[in-house]
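Enquirer: What follows is each chain in one-letter form.
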Amino acid sequence: MSDSTVISEGALAEGHHEHPPYQRHHFESVAQQFDATNFAMWLFLLTEIMFFGGLFMAYLLMRNWYYQAFVEGSHHLSIFWGTSNTAVLITSSFTMAMGVWCAQTRRKAGLVLCLVLTFILGIMFLCIKGIEWHGEWVDHHVPGLRFTDSDFINPALDADVYHEYHDRAMAPDAANKTEMYFFLYFAMTGMHALHMVIGISILVFMIFQATRGAYTEGHFTFVENFGLYWHFVDIIWIFLFPLLYLVSRHA
Amino acid sequence: MSATIVSLPDQSTARIPKMNFLSKENGLLSWLLTGDHKRIATLYLISITFFFFIGGALAGLIRLELLTPQSDLMAADTYNKVFTMHGLIMIFFFLVPSVPATIGNFVIPMMVGAKDLALPKINLLSWYLYIAAGGLMLYTMMIGGVDTGWTFTTPLSTHYLNTNVVPAGLAVFIAGFSSIFTGLNFIVTIHKMRCPGMTWFRLPLFIWSNYAASILMVLGTPVLAITLVLVVLERTVHIGVFDPKLGGDPLLFQHLFWFYSHPAVYIMILPGMGVISEVISTFSRKRVFGYTAVAFSSVAIAVFAFFVWAHHMFIMGISNYAALVFSLLTMLVAVPSAIKIFNWSFTLYKGSITFETPMLYSIGFLGLFTIGGMTGVFLGATGTDIHLTETYFVVAHFHFVMVGGMLMAFLSGIHFWWPKWTGRMYPEKLSQFAAVTTYIGFNLTFFPQFILGTLGMPRRYAAYPPEFQVLNVFSTAGATVLGVGYLLPVLYLTWSLKYGQIAGNNPWQATGLEWQTQSPPLTENFAEIPIMDHEAYDYEWLERQQAKEVASVG
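Residue numbers (the numbering used here), protein chains in the order written: chain A, 1 to 251; chain B, 1001 to 1554.
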């Protein structure tokens, strides 16, 4: 009930003032508009959690069923690129947070700089992801399109990985379950990358708007809500990275 | 019998207000680019009516085929496609958006005293997504349809069938996002857009039930979306998360699918329950008995909804212990549902009841939903479920809830708010006739299916043993009557747009804020933002208000 009193007080306080141009006609006050759109963004992120939740559920079940295939499958991911990507993404979250701060404190140049940096880091993430996917393509680890489980039946075939982890050979019916691992790997990182692409597209639009001063005149809701989205995509990666790369990193 | 609460303005002088949301702007673009929740609701009303009649025509074909024991009207695989398309269209393109996206869209902002939903553009986007999804579904139907059943059961849908699973799955995926955006918009509006004085416990119960349904939409639908993505990937890339032949788990699909699709039945019924609360209160001139209990029972249904999904899987090899727990939890849902039914009955008790059309539909709802709900308890009990599952008993059960419950509630709501929506009344006697026809037709169609189910007639087959024919003929005859019952409202409601009597602001003497403004309302709903200074369903407040008006005019 507290939020209703806030709104009614807001309505009374703002009722007699001129509305700023960015206040939509159906809101009683700027505070209400900010509150409502911000709340909507949080709710949307909640649906996103449920959306990814289905994939995480599938991953947990399959990992339990086909433990060895998932362990040895994960040995073929590049920990170097995965870690670099994590660093890139966390840095981009920092520049995004700085961008929100710049918008709030009406620093136009700072905002544009932060958004451009975020954009560059986002592109960098996708490039690194592309390098990794290319590696899987070369290694015949793309399920459905180009896949062979021979280097799981005979781990010595992949000398680098074998040297590092000394994976045991799997029987063919266990080894072909690595295809499931790589399928979930591609489905989860792919769905994450799709969210990155959407985010980057919105960033382009925002950079254009920011250079025209759209967010630094006191109306920073859009930047703030986009920031929430960007951090959310970051957090998804923070869960994907250990689950796909790290959890089975023991020789 | 002639008692009525309808009070219309003097027809010789009354006019539809010149300025209203329908007349404000003209032209197709003013509709296609509108942000006005009332116009979007109108767009939705037209679209879902279109899909309802496509789904209804398919239902007619099913009943015609089942008139005779042989599969003679169509081949068995055509029949499979027909019932699949019937299910998909009715569920995702009629029932899920029916009350929320049309009636809810229209009245929720007015009920909370706001000018619009919190996110008008998202609201419009939700309609476009609905249309895109609907178009894709029609395209699927034209290129040959899909025959998995609406449940997309794996590995049937991913491995064994060669029909258009991918476009159908994508259509449902897109429709899901339309429904997510509607639910999200409602939650934000109800939290953040209430007018001064509108506390949570002054909200009409229609708001509470739509709020509960919106939570289900927002939390459940994305799980269905990702599940369908996996089904589509499995068909296109041939990697089986769900196909046991490829190492996948078909039970995982069932868990993920029903995690949405069981709450979805509450998405379909809860908003209807909200309509019933409004209508029963208005036509018995009493505050809804036990307002708080009814409000919280909606929330309780939403919470329980997420913990009962495995009752769709009792025969699928889940563990006995899981079955026991889910059976118990399923029966718990009967408690909040019964709270609602009992409270509505107590509202009627000693009320000044009149039988206008919305009330007739609502009373029909009470009876049919009770039967539908009680038979749900039979199905929730593991022993009887194993006997009755995949029989016509299940078909009858969910049609009693969905058609007898939700469709009755939808029609009740459409008749109730029609005067507000269009500013005109529909022909009363004809609509009462339609309500009674629907009730009779419905019972004739679906009651025999309970008997068929207990006798063991399986669902989803085009042919059946000849001894079941008598009951099937009853059912098909009933479907014909039901068809007339549904066609009539379309005809006379359209007629009323031009020739109906002028309704005035508040023909039903109802208390909701939406009735305190002109009909049809202004684009911004109210001349000035109302201040809520009384409880919901306060008929004495309304009387004082009217007395004040008479005094000031006189």
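One should not assume that every hint holds.
Simulated restraints, written as ranges between beta carbons of each label pair [claimed, not checked]:
id	chain 1	residue 1	chain 2	residue 2	range
1	A	Met124	B	Met1142	42 to 50 angstroms
2	A	Cys127	B	His1387	56 to 64 angstroms
3	A	Asn64	B	Ala1477	29 to 37 angstroms
4	A	Gly213	B	Ala1338	36 to 44 angstroms
5	B	Leu1029	A	Trp42	28 to 36 angstroms
6	A	Ile153	B	Thr1454	53 to 61 angstroms
7	B	Asn1162	A	Cys127	38 to 46 angstroms
Residues of chain B placed beyond 10 angstroms of chain A at every Cβ, according to the derived structure [what the hints assert, rightly or not]:
id	residue
8	Gly1060
9	Lys1115
10	Val1241
11	Gly1351
12	Gly1483
Simulated coverage check for chain B against chain A, where a stretch passes if three residues somewhere in it have a Cβ under 8 angstroms from a Cβ of chain A [stated by the list, open to error]:
id	stretch
13	1050 to 1059
14	1220 to 1234
15	1247 to 1254
It is worth saying that the hints were derived from the structure and are not from the lab. Beta carbons: idealized from backbone N, C-alpha and C, even for Gly.
Enquirer: If a hint holds in the structure, say so; if it doesn't, say that too.
Expert: Each hint, compared with the structure:
1. A:Met124 x B:Met1142: 42 to 50 angstroms: 45 angstroms, holds
2. A:Cys127 x B:His1387: 56 to 64 angstroms: This hint holds: roughly 60 angstroms between Cβ atoms.
3. A:Asn64 x B:Ala1477: 29 to 37 angstroms: The hinted range 29 to 37 angstroms is violated for asparagine 64 of chain A and alanine 1477 of chain B, with Cβ atoms some 53 angstroms apart.
4. A:Gly213 x B:Ala1338: 36 to 44 angstroms: Hint violated: Cβ distance 59 angstroms, outside 36 to 44 angstroms.
5. B:Leu1029 x A:Trp42: 28 to 36 angstroms: 34 angstroms, holds
6. A:Ile153 x B:Thr1454: 53 to 61 angstroms: 54 angstroms, holds
7. B:Asn1162 x A:Cys127: 38 to 46 angstroms: 40 angstroms, holds
8. Gly1060: Nearest chain A Cβ is 36 angstroms from glycine 1060 of chain B, so the label holds.
9. Lys1115: Violated, since 4 angstroms does not exceed 10 angstroms.
10. Val1241: 5 angstroms, violated
11. Gly1351: Given that every Cβ of chain A is farther than 10 angstroms from that of glycine 1351 of chain B, nearest at about 30 angstroms, it holds.
12. Gly1483: 38 angstroms, holds
13. 1050 to 1059: Not satisfied, violated; 0 residues make the cut.
14. 1220 to 1234: Contact hint for the stretch 1220 to 1234 of chain B vs chain A: holds, 10 residues under 8 angstroms.
15. 1247 to 1254: That given contact holds, which follows from 4 residues of the stretch 1247 to 1254 of chain B lying within Cβ reach (below 8 angstroms) of chain A.
Violation of the numbered hints given earlier is confined to hints 3, 4, 9, 10 and 13; the remaining hints are satisfied by the structure.
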